[in-house]
Amino acid sequence: MEKILICFAAALAVGLCAIATAWAQSRIGAAGAGTIAERPELTGTVIILLAIPETMVILGFVVATMILNK
Amino acid sequence: MIVRMSKLEIAGPKELLLEVLEVIRDLGIFQLDEENAAVADGRQKAWLHAQPPDDRVVAERLFLENLRRQTGEIIALLPSLETRESWLDPLAILDTIAATATRHLATCRELAERHETLRLEQEELGRYKVLLSAIDRLIEDSEPRSGLEFIGITLRDASFIERLRELLTYLVNGECTLTTTVAADGTLIGLITAPSSRSMAIRKALNDEQLPELPVPKSLSSLPLQVRVSYLDERLAANRCSMEEIEAELERFARRWLAFYRRINQWLAERMTLLSVTTSVRQTGMCFVIHGWALTNETDILEDRLDGKFSGRVAVERCAILEQDLEKVPVALRNPPYFRPFELFTRMLPLPRYSSWDPTPFIGIFFPLFFGMMLGDSGYGLVLLAAALLLLWRRPSGTLGDAARILLISSSYAVLFGILFGEFFGEAGGRMLHLTPLLPERSGAVIPMLIFSLALGASHVVLGQLLGLITAIRRHERSEAVVRIVTIALIACLACLMTSMFFPSPWLLTRSILLLAGLLLTLLIISGGLLAPLEMIKTVGNIVSYARIMAIGLSSALLSNAANHLAGLTGNLILGVLAAIVLHTVAIVLGLFAPAIHGLRLHFVEFYSKFVEPGGRRFEPLRK
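Going down the list, the protein sequences come from chains A and B. Using numbering that gives the first Met the number 0, the first residue of the first sequence is number 0, and each one after it goes up by one. Using numbering that gives the first Met the number 0, the first residue of the second sequence is number 0, and each one after it goes up by one.
Take these hints with a grain of salt, some might be off.
From the structure, some residues in chain A lie toward chain B, with a derived Cβ separation under 10 Å [to be verified]: (1) S25; (2) E40; (3) L58.
Here are some chain B residues the structure puts well away from chain A; computed CB gaps all over 10 Å [claimed, not checked]: (4) I28; (5) R68; (6) V129; (7) E161.
In case anyone wonders, no lab produced these hints; they're calculated from the structure. Built from N, CA and C at the ideal position, the CB exists for glycine as well.
For reference, chain B alone in the conformation it holds in the complex (with noise of 0.2 Å):
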């Protein structure tokens, strides 16, 4: 249901604004409103305004996000680890904190540089490396042959490599070879070795082609080729010690400092998110005055903070809401623990009105029962049941928590109807069982189904009517209150006369509801206007979808008969099994989809349209 909330009015001195605020995003419990800040009781008050903010406040403001700024980048410079949670108050020593902050920065940017400049030079000697090796292995082969010239190259990807191929022949006419192998890194790496006299052209087509050929780093350029590996080694553990060394140095620094910046970072979030509250907030030369929603039953626990905490400096007046606020009334839903999950639905729409209803208990009520009319097997309704579950189990919290609970509540009344049609995994298994059908078995009577699912979309639209008749009697909006009447009466004589249909009734009472339905029809039109009779007919439309019910619970039953009939006709045991999992696995995925698709649908379409009013803001709390 919709909590009631209570139209708020905190005024006090201004110099408390601050401290007020952080009572109240520390509570928790109160919305604030801008829209309505410069109105209050339905007057505008000149008086009040917003303070725009003066020089004092931009510097403190420009301050704390350059300080925001540099802790944010040294927890990004540092290693993430687990620490403890810290409750320094920051405001008293913030100068220190800047100072401290800068030369930290300092620090933890020089460590971060260097450590990055070892990271890629260790990548690029890494490639040199392989390309390297790929050499020396050649030098050995072609040890007899001389004059001849190494060129590496990093290709994009695979794909180069026949294109090179072809490229390399049409040059030097198969006069070089290319070798191609993976760097540590992933990189595609080729070396060419071809004549000395050739490498000019060859360089030339690369570079045309701009496949860039690998360059010697420069620590080994000046180094000749046969000691270039043992000092490539060297190097790369040298590096990799350093790298090491600097890791280390940060991770020390890390668990001394990390959780203090981290609380400070947290603090000088909360702090300008306070601030920039504060230009929302209508203000005097004296006082400020801060308008907003709280759910009623906490309204005592605001009042009784402030008052506690401020002796009386800081008044709390709870304001009348007016038929013009209704709009602006934020809404915050809750519902007994059983209904709670079914809000999961609710929100997929946008929010019902504050004046209007939460669909919620009735979308608890019926989507289960509709779901388990249209599954309506207990084989099925078991296996579902487990997968609801074995989902609680692993994610018992969230949306998927949630859906977890509907599917479970949804897969019992599944089980309960499968006892009632008389299936398990259909009515071959239900035989089986001896499951006596309490109710006709679905697959052969159509039209008693069709009939049930007519009646109880009739009561299900009469409901939502009812509700919409409420809710006109309570705005005292007669034409509308005697519109739902008169649409409810029609579609009792609707009903009637379908009943006619298939008992025998005296001819004089048939009449006489054909006449009271002319009368009725007159009436909608002088209360409802020209449109109303359209109205009556989309309502007739609406009940006529509930044959829905009926159509997918038969399709179900006919999938489970066939699943069952094609696993008889394998002859074979073992196949027979085979086939009857496969084929009862499809039907118990459309039995989970199509029937809350669709029970979904009646409430969104059908029934929701009778009563609910979208359009509500939500309600968000100024919390942390």
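This is chain A alone, in the form it adopts within the complex (with noise of 0.2 Å):
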């Protein structure tokens, strides 16, 4: 049962921080592809807003990895 509830946890912290990294990435792509179309000097700026998000998912899976190896 414990582990179980571990595993549960850990599926957890990486899957709500995947939700909302998927939700404010598709929210900065959706204008971040307009903003590339008007002015594409602005897609460096735009990678970096996009991959800002991720870094939800990425602390979620330290989490869950340690919450694993504990």
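Two chains, each in its own frame: build the complex with the hints.
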């Protein structure tokens, strides 16, 4: 039972973060595509903005790893 | 690195202004500074002002603009041929050129108009020929019947055919036929064959539906239907012949005059650029003063050239760069050949300021390292290496050439890390080739890889803080320098505390570090204000963000292992090889994009924010 709970906690840590990242990236991606269409010189900035929410899922992944290795 | 710039002031007699500007433009090493022009050495010089163009200058500009428009039109009307380069200097014979250009433009226009008229007639006749051929066939087929009328129409697209059939069925109830064909120019043509008694109703309906009836060309309208086809062929051939003659004449003309007019047009463009620049040059009643920037190591060339050409009548003075000038100094990047392709990444963001750092060498060192650590497979690395060499062979220069060079370096690092991790198209490939992992296998060593990534991140961020510290010291910003030092010391304390979690350490040492961290935090608040601890937390967040090196590396390793496993499950050699190729291709594509984007992000967000100040102006010298 304890193992199941640990696995569930790890899955939640990654899953919820992944959903949050996906939601943020969908918004940023849509706005970024429009921005690049009008001002291609902002491609670098858009890439950065798009990659920023990924920190959430990476931190979630780190937490999940720590939970599983506890 | 950012090249050192010199602030220059060039002064000389007013009548030499255009010649001086010509020399500056030919050298292409001097950027005019319009903003700085009114202020020299920090003092406003009221007697220096931008000269408004007088009537003579305005007349000259209008004359040149008109001539440029004429020559541009001549070039556009003539066929585009490869021509020799002309070295004519048109300044002395401008009036003659203007008269000749007016005459030649009239000739070219007449030829082009004739050609266009013939082309339009050819198109019209071509469409009508298609219709006539169809009518011929129908006459042959329906010889026994009489009283038929033929209506030709042009259709916008194929979707109209069905609509037209329905309309005709409704109007004449099957008493007519509709045939369609496509003309040589792609127009869809329809032919309606109907009894004469119904033709009026059909024409009215077509008019209501806005389907235009194909008109009979004027030249054919008076001829009987039987002779129209032969006449049409003759007319088409004659037109084609006339068009060929006009084209040959235009080509002959182009061979004789195109190089000349191209040169004139180019000269006019350069001359007008110079004239427009003169409006931003400050002048007095007798002399001019040009303010601007040049690369310090090229300033001597400019001085020598101006001195040689004008025998000391034009003076060049090097001015001191004041603090208020620093924001306006244009930025030129010049790096060793190894780092030069990485300027592509630097150009993706606004340029750094002149007083800041060029991040290109740092990204040149760390980006391939991060990329290699994340991809970490010698097989994938070799594939990307081959792709980079192919791209470099096809496009050795330009943006794609730079991208190929970056890929070449980064994939070499991927091969190196693949050997260290013992991976060749996954861990199974490495075991088959007896690659002994010199580092722990990534798929099984999550925590060690995480610690390694964080340690690398801490080093990278501390390097950024050190560069920021050097900038603060250079600018004599003491409190900023103290904040940087304290931040670095706090990062070191945190690193020591983290280490003490994994290695047994004396209780006293841990307590001492905690006490030191508390003192440093107090110092941080004193020197940087209440927001400084928040900045510190952001810095720690930046370091944790480097965990993505481990996360993406792990996903890359697991993906390649999954590809091998799935290929093995097929149980068939050929199917297995095909599955492995497809799955590894997907893994390589992902392995190219994910490490590249995240490697860039680590630099742009986590690293650059510590020392790069954006907002630099690109160095754009006046040149041809």
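We went through each hint and held it up to the structure:
no.	hint	result
1	S25	violated (17 Å)
2	E40	holds (9 Å)
3	L58	holds (7 Å)
4	I28	holds (25 Å)
5	R68	holds (31 Å)
6	V129	holds (42 Å)
7	E161	holds (37 Å)
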